[in-house]
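Chain Y is already provided as a structure; the job is to place chain V on it using the hints.
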Amino acid sequence: MTPTLQFFLIVSAALFCIGLLAALSRRHAIFILIGIEMMLAAAGLNFIAFWRFGPRPAPPTGVMVTIFAIAIAAAEAAVGLALVIAVYRHYRTTNVDQLDHLKG
Amino acid sequence: MSSVAFIVIAILTLAAALAAATLPKLIHAALCFALSFVGVAAFYFLLGAEFVGLVQIFVYVGAVAVLIVFTILLTRHDVEKDHGFNWSGVAVTLAVFAGLIWAVLKSGNLAPTAAPVAPLTVKQIGELLMTDYVWPLQCVGVLLTAALIGALVLVLEEKR
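Just so you know, the sequences run in chain order Y and V. One point on numbering: in our numbering, the residue at position 78 of the first sequence is 86, and numbering is uninterrupted. One point on numbering: in our numbering, the residue at position 95 of the second sequence is 98, and numbering is uninterrupted.
Rather than coming from a laboratory, the hints here were simulated on the basis of the structure. Mixed in with the good hints there might be a few duds.
[To be verified] Here are some, though not all, of the chain V residues that point toward chain Y, as calculated from beta-carbon distances under 8 Å:
| hint | residue |
| --- | --- |
| 1 | 41 |
| 2 | 45 |
| 3 | 48 |
| 4 | 51 |
| 5 | 60 |
| 6 | 75 |
| 7 | 76 |
| 8 | 103 |
| 9 | 125 |
| 10 | 129 |
| 11 | 134 |
| 12 | 145 |
| 13 | 153 |
[Said to hold, decoys possible] Taking CB as the label site, the calculated pair distances span:
| hint | chain 1 | residue 1 | chain 2 | residue 2 | range |
| --- | --- | --- | --- | --- | --- |
| 14 | V | 110 | Y | 109 | 32 to 38 Å |
| 15 | Y | 111 | V | 153 | 22 to 28 Å |
| 16 | V | 156 | Y | 63 | 28 to 34 Å |
| 17 | Y | 104 | V | 7 | 39 to 45 Å |
| 18 | Y | 111 | V | 151 | 29 to 35 Å |
| 19 | V | 109 | Y | 91 | 38 to 44 Å |
| 20 | V | 141 | Y | 109 | 34 to 40 Å |
| 21 | V | 137 | Y | 109 | 40 to 46 Å |
[To be verified] What the simulated footprint calls covered on chain Y by chain V, stretch by stretch (three residues with Cβ under 8 Å from a Cβ of chain V suffice, anywhere in the stretch; the number is not a length):
| hint | segment |
| --- | --- |
| 22 | 10-19 |
| 23 | 22-29 |
| 24 | 43-51 |
| 25 | 78-90 |
Here a beta-carbon is modelled for each residue, glycine too, at the ideal position from N, C-alpha and C.
Same shape as in the complex, but just chain Y:
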């Protein structure tokens, strides 16, 4: 038995949900960034799986979209981590619950 498309979709859904768990449950800003990266990786896995199981000959759109998504995720990680450092300098904390100065 070889794995079908649905197995990959289920693994990808599980990875997405673990990322969502990290982004929603943890109070540390770096954990939230890690969760967002996991969700982006799950989306990339879906693109590659649909490209692989799609009709032949397939245009390599899935591969190209995944490459661009990885590049954009890297830019997002760099800016996000710079923001974490900047926030830490100001408030001496990375707990997102304590960053409520803009709360009405």
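For chain V alone, coordinates are given in the frame of chain Y:
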């Protein structure tokens, strides 16, 4: 495509991801994060997208994981305190997971088996990037430059 490799990679990826999401110590979580992304790259290799797998390893395990570890070291004083866990997030996550699994299982057998695929070579990808995808490529270049400058500006010492 062997099912044994699929099961092994799936267990490795999901276990490492779960550890990264739940371990109390940040540095352990960052290492598990890198491990889970090695697993995702292995999935890309299994699916025949070798170049994307290599890019995944270079960018995530090589660059982003190191960046995360550096950020953890720079914000060290805060690391030891466990910031607690929000249990309502677990409920939302389980609901989303149930919805996704329901949608995947309900959609029927989309593609029963993968057709034999001609490997996508790096040469083909390079030609596509220079022809059909040249505009997205330029835009990503501008975006990366802007992100790099923005990150530098954010972490520069403020003048008092």
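Against the structure, the hints come out as follows:
| no. | hint | in the structure |
| --- | --- | --- |
| 1 | 41 | violated (11 Å) |
| 2 | 45 | violated (11 Å) |
| 3 | 48 | violated (10 Å) |
| 4 | 51 | holds (6 Å) |
| 5 | 60 | violated (11 Å) |
| 6 | 75 | holds (6 Å) |
| 7 | 76 | violated (11 Å) |
| 8 | 103 | holds (4 Å) |
| 9 | 125 | violated (11 Å) |
| 10 | 129 | violated (11 Å) |
| 11 | 134 | violated (11 Å) |
| 12 | 145 | violated (10 Å) |
| 13 | 153 | holds (6 Å) |
| 14 | V:110 with Y:109: 32 to 38 Å | violated (45 Å) |
| 15 | Y:111 with V:153: 22 to 28 Å | holds (25 Å) |
| 16 | V:156 with Y:63: 28 to 34 Å | violated (47 Å) |
| 17 | Y:104 with V:7: 39 to 45 Å | holds (41 Å) |
| 18 | Y:111 with V:151: 29 to 35 Å | holds (32 Å) |
| 19 | V:109 with Y:91: 38 to 44 Å | holds (40 Å) |
| 20 | V:141 with Y:109: 34 to 40 Å | holds (39 Å) |
| 21 | V:137 with Y:109: 40 to 46 Å | holds (44 Å) |
| 22 | 10-19 | holds (count 10) |
| 23 | 22-29 | holds (count 8) |
| 24 | 43-51 | holds (count 4) |
| 25 | 78-90 | holds (count 12) |
Checked against the numbered hints above, the structure violates hints 1, 2, 3, 5, 7, 9, 10, 11, 12, 14, 16; every other hint is satisfied.
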